[in-house]
Amino acid sequence: DTAVSQTPKYLVTQMGNDKSIKCEQNLGHDTMYWYKQDSKKFLKIMFSYNNKELIINETVPNRFSPKSPDKAHLNLHINSLELGDSAVYFCASSSPGRTYEQYFGPGTRLTVT
Amino acid sequence: AQTVTQSQPEMSVQEAETVTLSCTYDTSESDYYLFWYKQPPSRQMILVIRQEAYKQQNATENRFSVNFQKAAKSFSLKISDSQLGDAAMYFCAYRFPFMNRDDKIIFGKGTRLHILP
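Those sequence lines, one after another, are chains A and B.
Just so you know, we're using the working numbering here: the first sequence kicks off at 1 and counts up by one.
Just so you know, we're using the working numbering here: the second sequence kicks off at 114 and counts up by one.
Think of the hints as simulated: they come from the structure by calculation, not from any bench.
The model shown is predicted, which means the values in this text are computed figures rather than measured ones.
Among the hints, erroneous ones may be present.
To be verified - Computed list of lysine-lysine pairs in DSS-like fashion (alpha-carbon distance at most 30 Å, straight line):
1. Lys186/B with Lys19/A
2. Lys191/B with Lys36/A
3. Lys40/A with Lys186/B
4. Lys40/A with Lys168/B
5. Lys44/A with Lys183/B
Full structure from sequences and hints, please.
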């Protein structure tokens, strides 16, 4: 009964390739997010979606394209991977109303060689 | 712009002792949320404790408590009776008010906590 799941957990690929990371939440939340954690452990938001609508796009390169087929899923597609894209990518979700907690997935470690 | 600052990149504490992790933030909002997240080597982000800015009472969760000073924009985490399992990276985080369209969490750069046996 995993709350927020991501696949794959590890992804090793070469520069120039295109890859996707999938995220699913079974909490009934309306809002989902992608965060990037760099090699210095700094966590920064990339995107947020509310009910399949893009809310936040934090000046992320166009090579990154989130897609939300329904409110339980938020996938991240990355084109033309670069060395600097190597990081851990976290998916998160939160519920509507005045609750404020974000639930994080286990993270996907992306290594670009 | 809102910022979160953790001035201690690393700290160490003896097992069973008490340690305090510092955090300051900057915001012009009056209603917001503050969190401490723990990230052990498994890299899972675990919520340790939360504080709503409109509540004056400091939040407490078992061995974890905060010292929330709204006027000073300070939000420190105190861990009592430190245990080996507390060793992790700790992130202080700020979330915008409810219904604010800029719905995201801003994280500090983290404090790595070592527990000495």
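Verification of the supplied hints:
1. Lys186/B with Lys19/A: This hinted pair is violated, its Cα atoms lying about 41 Å apart.
2. Lys191/B with Lys36/A: holds (27 Å)
3. Lys40/A with Lys186/B: holds (25 Å)
4. Lys40/A with Lys168/B: violated (33 Å)
5. Lys44/A with Lys183/B: Status holds; Cα separation ~24 Å.
In the structure shown, a violation is registered for the earlier hints numbered 1, 4, in ascending order.
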